[in-house]
Amino acid sequence: MKPAAFEYRRVTTVAEAVKLLRETPDAKIIAGGQSLVPLMNFRLTRPSLLVDVNGVKALQHVGWDGAYLRIGSLVRHQQIADHAEIQKHFPVLTVAAKHIGHWAIRNRGTIGGSLAHADPASEWSAATVTLQAEIDVEGPQGIHMVPASEFFLGYYSTVVQPDELIVAVRIPYPKFRIGFAEMARRRGDFALAGAYVEDAGNGEGFVTWFGVADKPVRVPTLLPDNMETRREAWQQALETLAIADDSKPRLHLAVQMAERAWQHSRFDGARYLSEEAGGNQPL
Amino acid sequence: MNSRVPLKLTVNGETFDIEVEPRWLLSDVLRHQLGLVGTHVGCEQGACGACTVLIDGKPERSCLTFAIQVEGQQITTVEGLTRDENLTPLQEAFSEHHALQCGYCTPGMLLTATALLRLEPHPNERQVREALSGNVCRCTGYQFIVDAILAVAGDTKEDAR
Chain A
1 MKPAAFEYRR
11 VTTVAEAVKL
21 LRETPDAKII
31 AGGQSLVPLM
41 NFRLTRPSLL
51 VDVNGVKALQ
61 HVGWDGAYLR
71 IGSLVRHQQI
81 ADHAEIQKHF
91 PVLTVAAKHI
101 GHWAIRNRGT
111 IGGSLAHADP
121 ASEWSAATVT
131 LQAEIDVEGP
141 QGIHMVPASE
151 FFLGYYSTVV
161 QPDELIVAVR
171 IPYPKFRIGF
181 AEMARRRGDF
191 ALAGAYVEDA
201 GNGEGFVTWF
211 GVADKPVRVP
221 TLLPDNMETR
231 REAWQQALET
241 LAIADDSKPR
251 LHLAVQMAER
261 AWQHSRFDGA
271 RYLSEEAGGN
281 QPL
Chain V
1001 MNSRVPLKLT
1011 VNGETFDIEV
1021 EPRWLLSDVL
1031 RHQLGLVGTH
1041 VGCEQGACGA
1051 CTVLIDGKPE
1061 RSCLTFAIQV
1071 EGQQITTVEG
1081 LTRDENLTPL
1091 QEAFSEHHAL
1101 QCGYCTPGML
1111 LTATALLRLE
1121 PHPNERQVRE
1131 ALSGNVCRCT
1141 GYQFIVDAIL
1151 AVAGDTKEDA
1161 R
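Heads up: the sequence lines are chains A and V, in that order. Quick note: the first sequence, position 172, residue 172 per my numbering, numbers continuous. Quick note: the second sequence, position 57, residue 1057 per my numbering, numbers continuous.
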């Protein structure tokens, strides 16, 4: 099918975008469009106005100040995958980025778009919850910062209001070692289940699943050395989540992904990247 | 809302003055307004890769981009890989290695591989497979496509791209 008719406006500032969103309640922001356009092609959504923010320079930067990584909402997944400083300080984000869609999708899709779309299987949504990021949202009253733990409300829904847009994500330097794992039928497909695991080094840590519940939640967990007791800990952590599809295979996969993510958390950055790629060759 | 708006679209180095509805996808404008039917449309949801074109040199899905969005950017379709009737070395390699059968996925494969070879002139097999993972082929089983790209990548001639 083809999208329904809409009006199209290109903007160069966030203020212009907010003004248009305010004037037209069913307007939508288009950034990469890699989730929005399929929905429009199938007429699952039909906004009357598309506000194109691809020309807003202020949303396109990645900055690292030694304490915080700031990623503008218009930064493409592939830019994050290729970013040397992100790879050095946040290798888990480099690995996660490479699991998003395929090359052509990553070249256009943006981190802000992923967060706004809030697919429960999104690698970025769970990353922001894991890393306790703040998401900067701008609306008519200016910018406010939302902790990632309060940002996602459930399937495809967030606290962002119709006249607001995401401008940046601020990620503090991680306190703990972090690992990532995901399972999809084919590389690039949506995850059947995935997990980020943080190891505090004292037998405790956190696990944040994606593609399992209706939104990513950071759950405290024990991390015993013994694999059998660790599996029990993953299962207990899972039971704290509201999981609609609690079929055995789904839960089994969630436990497996947590275990694999924990194992990845024990690697050093460079080794982590190459182990994740399944050998000594970079992806 | 169905009214058309003027658009300057630069495809394969040539700028076209056309009128489009904002809702028209780049893939459809290339095919129906410009007659560049080398860009194939498969799934229209970004999954199959048949519609892949280069936008400012990067492979992107033309079915997930509105034509009106890419004004001022350089679009390359399969027709733009060569200026004349000849084949590029990559296309020759596809022919030699039987890297196509029905041909539906081929334009997307060629553009993805062209972008890969510009970025990484001597990719290994893993990099080729990773780059092609977003392009679905239902005929060849991929092996011959990978073979063709690796054959060109091994070619030391500078004009191989």
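Among the hints, erroneous ones may be present.
Sample of chain V residues at the chain A side, in silico, Cβ under 8 Å [to be verified]:
| no. | residue |
| --- | --- |
| 1 | I1018 |
| 2 | E1021 |
| 3 | E1060 |
| 4 | L1064 |
| 5 | T1112 |
| 6 | P1121 |
If you want the footprint, here are the derived chain A segments under chain V, 3+ residues with CB under 8 Å [claimed, not checked]:
| no. | segment |
| --- | --- |
| 7 | 85–93 |
| 8 | 221–234 |
| 9 | 237–251 |
Treat the hints as calculated values from the structure; they're not laboratory data. Just so it is clear, CB atoms sit at the ideal spot from N, CA and C, and this is done for glycine as well.
We went through each hint and held it up to the structure:
1. Restraint check, V:I1018 versus chain A: the minimum CB separation of about 15 Å is more than 8 Å; hint violated.
2. Restraint check, V:E1021 versus chain A: the minimum CB separation of about 7 Å is within 8 Å; hint holds.
3. The interface hint given for V:E1060 holds, since its Cβ lies 5 Å from the closest Cβ of chain A, which is under the 8 Å cut-off.
4. For V:L1064, the interface hint holds, since its Cβ comes within 8 Å of a Cβ in chain A; the closest pair sits about 4 Å apart.
5. Given the 8 Å rule on beta carbons, the hint for V:T1112 holds: about 7 Å separates it from the nearest Cβ of chain A.
6. Interface restraint check: V:P1121 against chain A, minimum CB-CB distance 16 Å, threshold 8 Å, status violated.
7. Check result for the segment 85–93 of chain A against chain V: violated, 0 residues qualifying (beta carbon to beta carbon below 8 Å, three or more required).
8. For a cut-off of 8 Å, the count of residues in the segment 221–234 of chain A with a CB near a CB of chain V stands at 0, and the three-residue condition is violated.
9. Three residues within the 8 Å Cβ limit are the bar, and the segment 237–251 of chain A against chain V gives 0, so the coverage statement is violated.
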